[in-house]
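Novice: These are the residues of each chain, in order.
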Amino acid sequence: MMIAGIEIANYALALILWIVGILVSVLLDKKEYKVVISAIAIVLLAVGYHLLFYSTSAGLLKIDNYARFFYIVFASVSILAIIVMARNYGDLKRYGIAIALVLASNIGLVLAISTTNLILLIIGWKLASFPIVIMIALKRNPKAIEASLKFLIMEAVGMALFAIGIAAIFGATGTLDLAEMGAVSIGYEKLLYFGILMLVVGMGFEMAIVPFHVWIPDTYAGAPVASVIYISAILKALAFGIAIRIFYLGLPMYAEFWAPLFAILAIVTMTAGNLAAITQVTMRRLMAWSSIAHAGYLLTVLAAFGASLQILWGGLVHILMYAFMNTIAFVSVGIIEETYGSDSLGNFDGLSRVGGPLAFILAVDMFSLTGIPPLGGFWSKLLLVLGMIDNGAMVLAIIFVINSAISIAYYIRNVVGRMYLREAKDPSIKIKISLAYLVPLVIGFLVITVVILAVLWYFPLIKTISP
Amino acid sequence: MNVNVFPYELSITLFLPLLAAPVVYIAGKYRRGYERLLAIIVAIVELVLAIHIAIAYYTATPVKNGVFDLRIYEKYDWFKEVGLSFYVGVDGLSAVMLLLATILSLVAVISSNHIKDRTEFYYSLFMLLEASLVGVFISFDFILFYVFWELVLVPMYFLIAIWGGPRRKYAALKFFIYTHVGSVLLLVSYFYLLHVANIGTFSIDALIASNIESVVANTEVTVGPPGIAVKTSLAIILAIFFFVGFGIKVPVVPFHTWLPDAHVEAPSPISIILAGVLLKMGGYGLLRIAIPLLPGAFKALAFYIILIGIINIFYAAFVALAQKDIKRLIAYSSISHMGIVVVGSVAGSVIGVLGAIYMMFAHGLVNGMLFLLAGVYKNHVHSRLISDIAGLTEKMKWTSAFLVYGAFAGLGLPGLAVFIGEFLVIMGLFDTWGVRFWYIVLGAVLNAAYLLWMVQRVVFGPQKSGDEVKDIEDLCLPEFIALAILTILIFVLGVYPPLIGNFLVEFSKYIAALLS
Chain L
1 MMIAGIEIAN YALALILWIV GILVSVLLDK KEYKVVISAI AIVLLAVGYH
51 LLFYSTSAGL LKIDNYARFF YIVFASVSIL AIIVMARNYG DLKRYGIAIA
101 LVLASNIGLV LAISTTNLIL LIIGWKLASF PIVIMIALKR NPKAIEASLK
151 FLIMEAVGMA LFAIGIAAIF GATGTLDLAE MGAVSIGYEK LLYFGILMLV
201 VGMGFEMAIV PFHVWIPDTY AGAPVASVIY ISAILKALAF GIAIRIFYLG
251 LPMYAEFWAP LFAILAIVTM TAGNLAAITQ VTMRRLMAWS SIAHAGYLLT
301 VLAAFGASLQ ILWGGLVHIL MYAFMNTIAF VSVGIIEETY GSDSLGNFDG
351 LSRVGGPLAF ILAVDMFSLT GIPPLGGFWS KLLLVLGMID NGAMVLAIIF
401 VINSAISIAY YIRNVVGRMY LREAKDPSIK IKISLAYLVP LVIGFLVITV
451 VILAVLWYFP LIKTISP
Chain R
1 MNVNVFPYEL SITLFLPLLA APVVYIAGKY RRGYERLLAI IVAIVELVLA
51 IHIAIAYYTA TPVKNGVFDL RIYEKYDWFK EVGLSFYVGV DGLSAVMLLL
101 ATILSLVAVI SSNHIKDRTE FYYSLFMLLE ASLVGVFISF DFILFYVFWE
151 LVLVPMYFLI AIWGGPRRKY AALKFFIYTH VGSVLLLVSY FYLLHVANIG
201 TFSIDALIAS NIESVVANTE VTVGPPGIAV KTSLAIILAI FFFVGFGIKV
251 PVVPFHTWLP DAHVEAPSPI SIILAGVLLK MGGYGLLRIA IPLLPGAFKA
301 LAFYIILIGI INIFYAAFVA LAQKDIKRLI AYSSISHMGI VVVGSVAGSV
351 IGVLGAIYMM FAHGLVNGML FLLAGVYKNH VHSRLISDIA GLTEKMKWTS
401 AFLVYGAFAG LGLPGLAVFI GEFLVIMGLF DTWGVRFWYI VLGAVLNAAY
451 LLWMVQRVVF GPQKSGDEVK DIEDLCLPEF IALAILTILI FVLGVYPPLI
501 GNFLVEFSKY IAALLS
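Residue numbers (the working numbering), protein chains in the order written: chain L, 1 to 467; chain R, 1 to 516.
Some hints here could point you the wrong way.
Stated by the list, open to error - Label-pair ranges, simulated between beta-carbon atoms:
id, chain 1, residue 1, chain 2, residue 2, range
1, L, Val450, R, Thr257, 34 to 40 Å
2, L, Val450, R, Asn113, 32 to 38 Å
3, R, Pro166, L, Tyr193, 54 to 60 Å
4, L, Val214, R, Lys231, 43 to 49 Å
5, R, Gly33, L, Pro357, 21 to 27 Å
6, L, Asn65, R, Ile12, 38 to 44 Å
7, R, Asn65, L, Ile264, 45 to 51 Å
8, L, Val157, R, Val23, 35 to 41 Å
9, L, Tyr188, R, Thr219, 26 to 32 Å
10, L, Tyr188, R, Lys231, 52 to 58 Å
11, R, Pro166, L, Val214, 37 to 43 Å
12, L, Glu423, R, Gly66, 49 to 55 Å
Since the hints were made in silico from the structure, they are not lab data. C-beta atoms are modelled at their ideal positions from N, C-alpha and C, and glycine is treated no differently.
Go ahead and model the full structure; you've got the sequences and the hints to work with.
Specialist: Next up, the structure:
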């Protein structure tokens with residue numbers, strides 16, 4: 001658009017707005033400006049993403065429907081995370097830093113998802129994740145700092161291995177651009193396979209693939225709730241978004257190599273996540289392992305690569321639904337921690353009587369995560385199963401649905417069962433939900449019950465997405 | 001005379017309890033007692049609607065060119081790109097099942113007077129349950145069917161786990177997971193068939209009409225490790241998946257272990273719904289989806305399925321004979337009776353299928369009555385053990401009378417409903433399979449054995465008197481009304497089978513033609 005006679009591209013304007021937002025937040029970082037600065041940040045994010053949505057591709061940036069879908073996910077969860085931060089980080093002396101970090105991370109998110117150039121991808125990706133390292137540690141309690149350190153090491157190692165992978169792939173294919181790579185067939189296959197393996201390992205940390213998932217339970221257990229929402233919903237979505245771009249766009253002809261690899265990883269990840277979650281006694285760790293299981297479900301998008309893109313669309317809807325389901329779960333954790341001091345599952349006993357609305361929303365959320373109709377989680381898993389069958393991955397589909405059934409054991413028995421079937425230890429303590437927590441709960445609830453129907457209604461729009 | 005449905009009547013029947021659920025909850029929070037009243041009103045309205053729909057179906061002209069005789073239906077495109085449509089309809093089988101669901105829901109709601117704790121939650125869950133049951137029986141789009149099929153599990157879990165017996169949490173979770181695993185297996189199988197057929201819609205009749213089995217039957221699949229591998233057609237494998245998926249709900253014998261726990265631990269009104277309607281969902285699924293989709297495979301497997309049905313009858317009857325807990329005894333009698341349904345469904349003759357569906361209806365009423373009586377004993381005598389409830393005939397005259405009636409109904413006394421079902425199935429079996437399975441009639445003997453022995457111990461044994469029994473009361477009014485409704489229906493269906501049978505002739509002919 002034209003500003004003061006100069007033609008500025010929409011995306012540039014968005015980024016400029018966000019940089020301005022970062023500066024403003026750093027300047028107005030006192031606690032008294034908390035509400036003002038959060039509101040400004042939300043407005044800037046909304047306006048920025050709006051501008052980006054209506055941008056066109058330019059240079060190394062490719063703003064296509066695929067990127068736009070992720071903009072929706074990033075925008076909505078970032079805004080919800082800021083709202084949660086208003087309470088979760090509310091007692092921070094320099095609150096504006098947290099807001100600035102969210103804005104900085106969003107710059108990276110947008111960069112990483114809107115490009116097909118591998119270097120820009122890694123720059124954007126790490127620009128998105130390193131602010132979160134700091135964000136986790138802002139609250140300065142020992143657990144948060146430990147979580148932040150684990151996250152940092154994970155990010156650093158992941159980045160290093162990913163960079164090695166990029167180098168190998170560049171060496172093998174001769175190009176850094178994914179679209180070009182998809183058209184090239186090469187002779188240095190071993191180097192390419194090595195590169196793919198390095199990419200998988202590098203991304204696997206962030207994507208919560210099973211041998212590389214070890215940081216997740218500890219980080220989710222220590223970090224403040226708003227950061228966990230951010231990591232589990234946005235950063236994971238980004239990791240999958242990038243992975244799908246790389247493998248679907250850049251390396252489709254080597255699918256005979258990486259699709260079975262992802263299939264094995266998917267099966268192991270799903271199963272390990274689901275089985276480990278059953279034995280957890282705190283909600284954060286339960287949700288961490290559930291997060292790993294859902295990453296396994298999303299890995300089937302890469303495992304069941306084939307002629308039909310139905311699996312991709314199912315995966316995208318699942319990423320969207322999962323972001324909101326996780327938000328509800330962790331906001332509930334935040335409320336319980338405020339009321340009782342810890343997130344132990346015992347604190348959820350009898351929640352249906354002491355905090356009826358919260359218990360109801362969380363119960364609906366748990367049923368959605370398991371995949372019970374007619375909630376969002378069911379529809380997204382349905383689309384995934386349809387996609388797997390369309391591409392001929394029958395055994396994977398069967399293992400997928402059986403894992404879904406296994407997940408009943410912890411979502412329903414450990415969480416919903418405790419809320420509705422047990423008595424509260426101290427019935428006199430009533431749950432109070434502050435507005436900052438209520439808004440994400442209600443919005444998440446509406447998404448998994450109503451918005452999913454709208455998503456299905458507008459499925460033709462989603463069908464236009466290809467990486 | 002032509003009775004017409006008013007616009008959207010099917011949708012109203014489906015959504016009324018769904019919308020009533022939150023209203024009942026709020027009404028209950030507002031004033032105690034309103035939730036029960038409102039629930040009973042909704043149940044009565046549902047029953048009236050179901051009867052109206054059934055009569056309208058009966059007087060409508062038959063549909064000649066469709067797969068199912070859907071004389072009444074509503075079809076709206078829903079999510080066209082995904083292939084979903086809101087497709088509900090009623091044919092003979094659905095009309096009968098709808099009647100069963102609404103009758104038993106009314107009976108169960110009336111007899112829930114002993115539920116005193118968190119009643120607004122109870123009745124609102126019950127409304128959700130009724131909506132889901134109605135939805136299962138009238139949905140003709142597979143995803144819609146599956147949504148309601150799974151949605152039944154949610155209120156059931158809470159209803160068993162909150163208001164049930166001592167082991168209720170275990171029973172509820174086992175029920176949930178077990179039946180869910182079956183459901184997802186049949187989801188995957190149906191989607192595979194859909195993928196091969198490539199028709200772009202989830203409607204069940206569209207997939208059946210596409211004659212998908214001919215495509216799938218020619219695919220050879222090798223199952224098992226090398227050396228002992230078995231070569232079968234893919235159709236057989238899928239038929240087994242469907243049979244297991246639906247069979248878990250029926251339940252067929254290796255997969256029945258969720259039932260005794262769930263039935264026993266559930267509160268009595270919920271046991272009525274479980275035994276009376278939920279088990280029939282399995283039989284309905286087999287008849288509606290599995291057999292029409294893969295008739296050749298089911299015809300090939302018919303011999304084994306009949307054997308499994310017979311194992312159901314005998315195994316469950318023997319286990320029932322050993323029970324000391326009356327509710328467990330009745331639960332096993334349910335499994336035994338459903339064995340007859342399984343046998344009749346695949347026997348391949350018209351009266352066999354008719355008998356199977358009739359048996360489903362009759363068994364729902366009879367075992368509903370028996371579970372109601374078990375509930376009476378539980379609430380009035382505070383025990384389910386036969387030894388504890390024995391000898392109270394003097395104090396509980398009406399209860400004992402109904403129990404005798406119920407037991408005779410359950411063992412298949414001619415003149416009462418179950419006899420018709422049993423007799424038709426056995427006749428149908430002999431029609432197509434000769435006297436190969438002659439020993440099935442001994443099942444009736446075993447049935448009689450455990451029921452009569454139970455009645456003899458409870459009603460005709462040595463009477464108890466004195467202090468321990470002086471406070472025991474006979475039936476209260478709601479229980480009496482519920483039992484009376486069932487008694488009359490069982491009798492009417494025993495002496496005038498065409499009342500239900502007339503609905504089932506077309507459908508039975510269709511299934512028999514597929515399997516002969």
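Novice: Each hint should be assessed against the structure and marked as holding or not.
Specialist: Consistency of the hints with the structure:
At roughly 38 Å, the beta-carbon separation of valine 450 of chain L and threonine 257 of chain R lies within the given 34 to 40 Å, and the hint holds. Taking 32 to 38 Å as the suggested C-beta distance range, the pair valine 450 of chain L and asparagine 113 of chain R conforms, at roughly 36 Å. Distance hint check: the CB atoms of proline 166 of chain R and tyrosine 193 of chain L are about 59 Å apart, consistent with the given range 54 to 60 Å. For the hinted restraint 43 to 49 Å between valine 214 of chain L and lysine 231 of chain R, the CB-CB distance of approximately 45 Å keeps it satisfied.
Hint check: glycine 33 of chain R to proline 357 of chain L, Cβ distance near 24 Å, so the stated range 21 to 27 Å holds. The hinted window of 38 to 44 Å between asparagine 65 of chain L and isoleucine 12 of chain R holds, with their beta carbons roughly 40 Å apart. Separation of asparagine 65 of chain R from isoleucine 264 of chain L is about 49 Å and conforms to the stated range, judged on CB atoms against 45 to 51 Å. The supplied range of 35 to 41 Å is broken by valine 157 of chain L and valine 23 of chain R, whose beta-carbon atoms lie about 56 Å from each other.
Under the hint 26 to 32 Å, the C-beta atoms of tyrosine 188 of chain L and threonine 219 of chain R, about 40 Å apart, miss the expected range. Range check, tyrosine 188 of chain L to lysine 231 of chain R: about 43 Å between beta-carbon atoms, so the 52 to 58 Å window is missed. One distance hint, 37 to 43 Å for the beta-carbon pair proline 166 of chain R and valine 214 of chain L, holds here, with the actual separation near 41 Å. Against the hinted window of 49 to 55 Å, the Cβ-Cβ separation of glutamate 423 of chain L and glycine 66 of chain R comes to about 54 Å, which satisfies the hint.
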